[in-house]
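Participant: One line per chain: the protein sequences are A and B, in this order. FYI, this note's numbering numbers position 9 of the first sequence as 145, with every residue one higher than the one before it. FYI, this note's numbering numbers position 111 of the second sequence as 124, with every residue one higher than the one before it.
It is possible that part of the hints are untrue.
[Claimed, not checked] With a cut-off of at most 30 Å between alpha-carbon atoms, the simulated DSSO-like pairs for lysine-lysine come out as follows:
no. : chain 1 : residue 1 : chain 2 : residue 2
1   : A       : 337       : B       : 115
2   : A       : 521       : A       : 440
3   : A       : 332       : A       : 266
4   : A       : 332       : B       : 115
[To be verified] For each label pair, taking beta carbons as the anchor points, the in silico distance ranges come out as:
no. : chain 1 : residue 1 : chain 2 : residue 2 : range
5   : A       : 598       : B       : 348       : 45 to 51 Å
6   : B       : 214       : A       : 171       : 45 to 51 Å
7   : A       : 561       : B       : 110       : 31 to 37 Å
In short, the hints are calculated from the structure, not lab data. Fair warning: this is a prediction, and the values are worked out from it, not measured in the lab. For each residue, glycine too, the CB sits at the ideal point set by N, CA and C.
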Amino acid sequence: MQLNSREGTNELRRRLLICGVGVAGMFAGIGLRLYRLQVGQGDTWRSLSENNRIRLQRLTATRGLIYDRNGEPLVDNRASFDVVVVPEDTKDLAATIRRLAQFLRTPDLNVKQLLAAARGRPPYEGLVIKRDVDYDAVVALETHQLELAGVSLDAGPLRTYPYGPVGSHLFGYVGEVSESELGENPGYRMGDLIGKAGAEKSWETRLRGVPGGQQIEVDALGRKLRVLSRVPQTQGNNMILSIDRRLQLFTEQLMEEHEGAVVAMKPDTGEILAMVSKPTFDPNVFARGIRRDEWRQLTTDKLKPLNNRAIQGQYPPGSTFKIITAAAALEEGQVTPFTRIFCGGSYAFANRTFRCWKKGGHGTVDLHRAIVESCDVYFYQVGVKLGVDTIADYAHRFGLGTVTGVALDHEKPGLIPSTEWKRARFNEAWFQGETLSVAIGQGYVLATPLQMANVIATVANGGTRHRPHFVRRIENAAGDVVEEIQPEVVGHAGLRKSTLLQLREALRDVVNAPNGTGKKAKLPNIDVGGKTGTSQVFKMGKQVKTNNMPRHLRDHAWFVAFAPVDAPEIAIAVLIEHAGGGGGAMAAPIAHDVADFYFALTRGRSYQLASGETRHDEA
Amino acid sequence: MRVQFDRRLIYHFDGVLMLLMLAIIALGTVSVYSADFDPNSSRASIFAARQAMWATMGVLAALAMVSFDYRKLERYAYVAYGLGLSLLLAVPLIGSTSNGSKRWIGFGAFSVQPSEMMKLALIIVLARYFHRSMRPEGLRLRDLVVPVLLTLPPVGLILVQPDLGTAGVTCFVVASMVVLAGPSPRTWAILCGAALSVVPALPYLASHLKPYQLKRIETFLSPELDPLGAGYHVIQSKIAIGSGGFYGKGFLHGTQNQLHFLPEQHTDFIFSVFSEEWGFVGAIVLITLYLALMMRGLVVVGRAKERFGALLAFGVLSNILWQAVINLGMTTGMLPVVGITLPFFSYGGSSLITLMAGLGLVINVNMRRFSKDRIPNF
């Protein structure tokens, strides 16, 4: 059929006619709209456009709050007054700022920096001069309002962290959005607050809410006359964490004197109950706008208080790693529970002497005793039999060598060496001698406290590896649950029941047997299982063992624990940096106190009565 | 047929389309000058000068598009489609990001928006398809499978840039071409039925998504849309247009514009700048120009030598129409802000030149309506 045949033409012409009418209709609609806007309502719109009287004010959404698992607030907002200047409304911006510095009694106002900020900002948008001014300043500004054209006080919520430095690595902090963050996060404007670290950062989208705005009419001094239209803001969602505030606070106190980290989690879900990293910092200084000297102090501190050691600190796991070597040995059939090895205090291999921590040796030991007394020689020999790649395989099954995937930024993966890794990294073959170090968690092996907590949780729950998480649910401002965070299984260690049983019995005796290395973690009426670790700090290829060494060369003390052994409710990893003592002496007491406190919380009075007299210094 | 149509129309001479287009471009360039005008500075408007330069290049592009028999495009339709698609595919790889989306590819000082070229290529390929798949009783449902398959990849690629507006316009253009190609009554019934059953399902679907999920979808699709920002833009745009009144505030006297209250004043909101300064009178003149351009274009479609030409011209025109209607609806506050420019009027070289080249094709179809060459029908 062809176009210029009769029917075709008619049909096409009919359709084009309809199109033409449609097009005309659409333009007529637009014309009518224009008539209404320009002729009908023209005067109204014109009055609005005159004298630049219409301003847009952003209505900041109140940021969501953060609660602990029992609904206790951990991160809050409070009312604060910010001093804001609209540069276009001032006669002389620099003079106004200097004036303000007098009234606010802050001689350190950086006029130059503020002037620069004023240039890079859309016209008529306010410039925050100082956040959270005190009552005197509010009064002073109100009285001198007429001399300060263009200056206004904005009331708004200020982020506060009521417990200051407690949990600051986990909660994180907020700050003004930076230039680069503006590029990556559409919908933000200069001056907006954004989560910079921790949960505040990784859960930013839920916490932030939706900012609103209002069109206001202002007078010649830039003061608000009335609101013309308003897009209300939506409050951010609240987060309910799995953290127990009391346990967190208690653990922070325990670690007051130390540098290091403690992680406590629920083995059956991967929920984190407490996460402590020391030294710490006060996130409140970020919320009110951190001063340059404060920032410099935080970032140049040798102890790196901003680092979250629980996820960023990578340490040789030391003897806590023997759990993995033992699991590998049993699974691979390299040893049975009855295999005995003689420890004479050292083991000669490849022209070198590898020492056991116990100079006199342990005598003849089986696997159970080797774990309970942490015999190095036993594990040297088992390590040689297994080979580094088999050990690496089991370490991976427990989640070592990769990030756990907890919802926090900058998590470190640790390191599990293998022949392949060494070839890629150093272009060198693997030396058998190095396997001996790996078998006892030394050498190249590195793990974070959170990873080790997850290892012991995996042993405790029968071999299931969860993604550690610290958020239970998200609720909107009205209290409706909008998101429920479910436990997430990320892997299975794939261990036989007999292996798990063997491991757990040995770990029980580490704490409960008279010859155990972790006796200080023993609780009177609950069975605790655990493993000590004392990881040597390597310096220029030499192991440094003396504790008269400078701090940075001292051993790290580890303790990983779970309890009750038969039905585990809590898994704990304690790391004390450069403790100057072994895991049994330094880290086990902390784990003891954490577990003790936890059971006092969950079991209530009956537990306290049963154990009250014997706490803390029993061991 | 020519006689019948001529009676309805005011414009009789060839090149009317060109003149209408140039008139709109001239008004647009003047507005770009105004949008870029700074009373406190003596510097000349770079934007207006560039826009004029691009218009010149556009005229050359349009003439180039007139210089050959448009029927040749029928043969190379899939080549054009392939080229357009590969350019579009290159955007995520080598494109440049602005405002949270990747839409541009830079070639030295010049950057192009492949989605603009893709639309033209899609129009050509669909014109060819509908030309060949013509049936006396109208298009069956299965005749729409290939057009949908041709449309999905480019629309998908544009959507992930993300450029919701352009993806939407592309779909509108395809739908317009389907309507002209003529679905059978049965196909119409099925399409309408499907649409009617999907539309009520949408709110149901939306209510079953959690608010944060909706929010995520929303911000994914249109990152520049800060809901507050958009509301603000619309209010400022309405203030600008409304305050223009009947006669306007006069050239270079638009206060909304001069004080930078208008966002994207060179591009998306250029019509607000124009209407503030030229008032209702100016706005009506501009709208009449667009209307005339469309009507004249439809005449060309009506007297095209064969289906391919008619569909080609119609596709190009529908692209202009939908962009214009969406942009005008958006600046006057009738439609949501989706970031569509006003064709021939907004600042921007890539878009202007492509649009002018497209109109060149319409003129081409008009010119060769008496030519003896024809595409064999299948």
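Participant: It remains to establish, for every hint, whether it holds in the given structure.
Facilitator: Status of each hint after checking the structure:
1. A:337 to B:115: holds, 25 Å
2. A:521 to A:440: violated, 40 Å
3. A:332 to A:266: Holds, because 20 Å separates the two Cα atoms, which is no more than 30 Å.
4. A:332 to B:115: Given that 30 Å is the threshold and the Cα spacing comes to 26 Å, the pair holds.
5. A:598 to B:348: 45 to 51 Å: violated, 59 Å
6. B:214 to A:171: 45 to 51 Å: violated, 37 Å
7. A:561 to B:110: 31 to 37 Å: holds, 35 Å
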